[in-house]
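2 protein chains.
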Amino acid sequence: MLSVKTPEEVLAIIESEFAPLPGRAEAVPLRAAVGRVLAEDITAGEYVPAFDRSTVDGYAVRAGDTFGCSDAVPAILSLRGQVQMGQGADKPLEPDCCIAVPTGGEVPSGADSVVMLEYAEDYGDGSIGIARAAAPGQNMIFKGDDVYPGKPVLEKGRLLADRDVGALAAIGRVQVPVVKRPRVGIISTGDELVPPEQSPGPGQIRDVNGPMLQAMFAAAGAEVEYYGIIKDEQEQLEAAVKAAAAACDMVVISGGSSVGVKDATCRIIEALGTLLLHGIAIKPGKPTILGKCGIKPIVGLPGHPVAAYFVTKLFILPLLNRLMGQKTPVFTVTAYLSESMSANHGRAQYQCVRLREEQGRLVAFPIRGKSGLITTLAGADGFFCIDRDCEGLPENAEIQVITQ
Amino acid sequence: MLSVKTPEEVLAIIESEFAPLPGRAEAVPLRAAVGRVLAEDITAGEYVPAFDRSTVDGYAVRAGDTFGCSDAVPAILSLRGQVQMGQGADKPLEPDCCIAVPTGGEVPSGADSVVMLEYAEDYGDGSIGIARAAAPGQNMIFKGDDVYPGKPVLEKGRLLADRDVGALAAIGRVQVPVVKRPRVGIISTGDELVPPEQSPGPGQIRDVNGPMLQAMFAAAGAEVEYYGIIKDEQEQLEAAVKAAAAACDMVVISGGSSVGVKDATCRIIEALGTLLLHGIAIKPGKPTILGKCGIKPIVGLPGHPVAAYFVTKLFILPLLNRLMGQKTPVFTVTAYLSESMSANHGRAQYQCVRLREEQGRLVAFPIRGKSGLITTLAGADGFFCIDRDCEGLPENAEIQVITQ
Chain A
118 MLSVKTPEEV
128 LAIIESEFAP
138 LPGRAEAVPL
148 RAAVGRVLAE
158 DITAGEYVPA
168 FDRSTVDGYA
178 VRAGDTFGCS
188 DAVPAILSLR
198 GQVQMGQGAD
208 KPLEPDCCIA
218 VPTGGEVPSG
228 ADSVVMLEYA
238 EDYGDGSIGI
248 ARAAAPGQNM
258 IFKGDDVYPG
268 KPVLEKGRLL
278 ADRDVGALAA
288 IGRVQVPVVK
298 RPRVGIISTG
308 DELVPPEQSP
318 GPGQIRDVNG
328 PMLQAMFAAA
338 GAEVEYYGII
348 KDEQEQLEAA
358 VKAAAAACDM
368 VVISGGSSVG
378 VKDATCRIIE
388 ALGTLLLHGI
398 AIKPGKPTIL
408 GKCGIKPIVG
418 LPGHPVAAYF
428 VTKLFILPLL
438 NRLMGQKTPV
448 FTVTAYLSES
458 MSANHGRAQY
468 QCVRLREEQG
478 RLVAFPIRGK
488 SGLITTLAGA
498 DGFFCIDRDC
508 EGLPENAEIQ
518 VITQ
Chain B
118 MLSVKTPEEV
128 LAIIESEFAP
138 LPGRAEAVPL
148 RAAVGRVLAE
158 DITAGEYVPA
168 FDRSTVDGYA
178 VRAGDTFGCS
188 DAVPAILSLR
198 GQVQMGQGAD
208 KPLEPDCCIA
218 VPTGGEVPSG
228 ADSVVMLEYA
238 EDYGDGSIGI
248 ARAAAPGQNM
258 IFKGDDVYPG
268 KPVLEKGRLL
278 ADRDVGALAA
288 IGRVQVPVVK
298 RPRVGIISTG
308 DELVPPEQSP
318 GPGQIRDVNG
328 PMLQAMFAAA
338 GAEVEYYGII
348 KDEQEQLEAA
358 VKAAAAACDM
368 VVISGGSSVG
378 VKDATCRIIE
388 ALGTLLLHGI
398 AIKPGKPTIL
408 GKCGIKPIVG
418 LPGHPVAAYF
428 VTKLFILPLL
438 NRLMGQKTPV
448 FTVTAYLSES
458 MSANHGRAQY
468 QCVRLREEQG
478 RLVAFPIRGK
488 SGLITTLAGA
498 DGFFCIDRDC
508 EGLPENAEIQ
518 VITQ
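Quick note, the sequences are listed as chains A and B, same order. 118 is the number of the first residue of the first sequence in my numbering; add one for each residue after it. 118 is the number of the first residue of the second sequence in my numbering; add one for each residue after it.
Honestly, the hints are just simulated from the structure, not real lab data. A quick note: this is a predicted structure, and the numbers were derived from the prediction, not measured. Among the hints, erroneous ones may be present.
Since the list gives no way to pick one copy over another, a pair counts as held whenever it fits inside one copy or between any two copies.
Unchecked claim - Only pairs whose alpha carbons sit at most 20 angstroms apart, straight line, appear in this in silico DMTMM-like list of lysine to aspartate or glutamate:
| # | residue 1 | residue 2 |
| --- | --- | --- |
| 1 | 348 | 188 |
| 2 | 487 | 163 |
| 3 | 359 | 456 |
| 4 | 359 | 314 |
| 5 | 400 | 242 |
| 6 | 208 | 380 |
| 7 | 400 | 350 |
| 8 | 268 | 126 |
| 9 | 409 | 132 |
| 10 | 348 | 262 |
| 11 | 273 | 515 |
| 12 | 444 | 132 |
| 13 | 444 | 474 |
| 14 | 348 | 512 |
| 15 | 403 | 235 |
| 16 | 273 | 350 |
| 17 | 487 | 262 |
| 18 | 430 | 239 |
| 19 | 487 | 174 |
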């Protein structure tokens, strides 16, 4: 008999029993890369910029030629042409000369700084008066200042953000190596369930977990295969799990409310592979089953939608991330409780909240309702955890809210 | 001449000059609803649950029949059958009787509570001994406890989260009314630009903003139309802007580095409609242009990729949200600066950071680099703002980081 595990133990089991799926890289175009997981380290193969660039409209000079100049005694330099945008500087700058350069244009060799237009006067006779001494390197970005061959740009396992796309474009990585979406098979069970589009008859309810889990796994980066609602019957369930395990990288069984399904799920996992855990000490969400068939996780979720949500969010999406090699951490938002909260000693307890800014700080309003009501999730801005050893929290207690 | 505006003024202009696009609802299936903007208020049209349900495996009783019972003196009730999962309770419960009910099963009329199996003994002769008195309502969820006709479930303008999908399924909203993705036309300009897949020649650089903006707007919920790289030439640019304004709901021109494009963008906006602002007091990002052509925004972004990123993130994606009627706030993460930061007085300054947990608190490490280097964005966990009136921040200063 497997004992009930703490959340930390469950995450350790996920880390030790599962590994990133091998050989799963695929290339996607840059514009489709946000939200995907980077499949390899990205290192620059070239210089950016590939030439010394001016950051202002002005004149490329040798700084030494301008030393000591002022409004009263400008340095007089001979104008030797103009660099055009998008064309190279075709000749080096000679001493006591200058070349006009636009913002972003190439600074010719020989020059080591750029004087802004504001500090220069074109005398119209081929000479330019410089009224402000230039410091070497002034108003320039040098070749390779941004990246150079071999510079690490992004790390494997990163969940690509919009911020990352610019650097990939800058170094010409227009096809981005990302982890192929894992295929997740979802099975709903329960004799009381009807598809959500169907009106429930006497004693029936709509299947909530099926569509919710499909949406959750799809949004987290999986390709979802839905196997429908299977009756609480060992043989049918076993056939569905076998089919899903053959076709998918992970199987998630959303348990009906009955005890029978839980027992059947355990038996099926034991027949196909190894049972890893049975029960997590959280509220809501205790009756969770995790096993593996080869390298594939088989998950039995609680039938209660709220419990299924939290278990998926806290453990099964991290397990999906483990399969993808996704390493981006989730950050929490600090808020203050609008009212005191009691808690069940002995199990970590999760509670949805709405967040509102009040007098410059974020106040978290717990969404109340009997345990298991699906509307305690809807419209929430996030949720937080009351630790297992905590007997409750006072009004104004500082809490860490997970909003994503 | 329009003066440079503060960030607050720019957001006020966006709020007052633009409105949610009219008549833009479309229906998507539940599993595709996460990340979309809800187009109408969702109100329940039925009861969930539609019948009184047991939350445990046990016996439905009249609480009064159990009052005063104990282990020593159990209440003896006559067993009148068993409710099956997914079937209605077909007969009412009579006094001094009980009916077996599974978790999630219907509690028959007449019963007002459920006694857990653990506190009951089946004598095998058609009678059940109850050892623990039931309180009315115990171990039950009543019809409509979760939702009832007319109960508000989700508000129009919400960016749908995975949390919301369960409630939609529970009330049978399998087709979700969301805001159609606005069409955003993106134009890159600059004589120095080549497409990112092309090797730059002398004086040329890869177009970073084109792909970065496509990825940013697509991830934010837009349908993106890319019009390619247009030369710094008034006539060509005007033709491209006109074509984009005719086909799209918003046009974004990513300016080349040259002054000419900025002037051309202003002239084109003034010819097509109204110029609303020219310059925002932030760093990086000052040279930003916003106008409108009818109800359609025309945006001129700075050519500098980092400036283009921040202006888009801080103002143009909020403008996109305004067009979608999206009202979900962005929450910040509290962190502490790893080192002191100086700042430019007079302009709000944005800085990318990496976040690391150290000794139980989140430390923000600024990503250093010359202004305008695209790699100061890559790999960042988020960014924060140094206020315009702040001359700098000391090490360990508490900051609010935007991570999304």
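Now the hints, each set against the structure:
no.	hint	result
1	348 with 188	neither (90 angstroms within a copy, 37 angstroms between copies)
2	487 with 163	between (60 angstroms within a copy, 19 angstroms between copies)
3	359 with 456	neither (48 angstroms within a copy, 55 angstroms between copies)
4	359 with 314	neither (27 angstroms within a copy, 45 angstroms between copies)
5	400 with 242	neither (84 angstroms within a copy, 38 angstroms between copies)
6	208 with 380	neither (81 angstroms within a copy, 30 angstroms between copies)
7	400 with 350	neither (28 angstroms within a copy, 64 angstroms between copies)
8	268 with 126	neither (38 angstroms within a copy, 40 angstroms between copies)
9	409 with 132	within (13 angstroms within a copy, 52 angstroms between copies)
10	348 with 262	neither (63 angstroms within a copy, 26 angstroms between copies)
11	273 with 515	neither (35 angstroms within a copy, 30 angstroms between copies)
12	444 with 132	within (12 angstroms within a copy, 38 angstroms between copies)
13	444 with 474	between (31 angstroms within a copy, 14 angstroms between copies)
14	348 with 512	neither (45 angstroms within a copy, 61 angstroms between copies)
15	403 with 235	between (71 angstroms within a copy, 19 angstroms between copies)
16	273 with 350	neither (43 angstroms within a copy, 41 angstroms between copies)
17	487 with 262	between (59 angstroms within a copy, 8 angstroms between copies)
18	430 with 239	neither (66 angstroms within a copy, 40 angstroms between copies)
19	487 with 174	between (67 angstroms within a copy, 18 angstroms between copies)
In the structure shown, a violation is registered for the earlier hints numbered 1, 3, 4, 5, 6, 7, 8, 10, 11, 14, 16 and 18, in ascending order.
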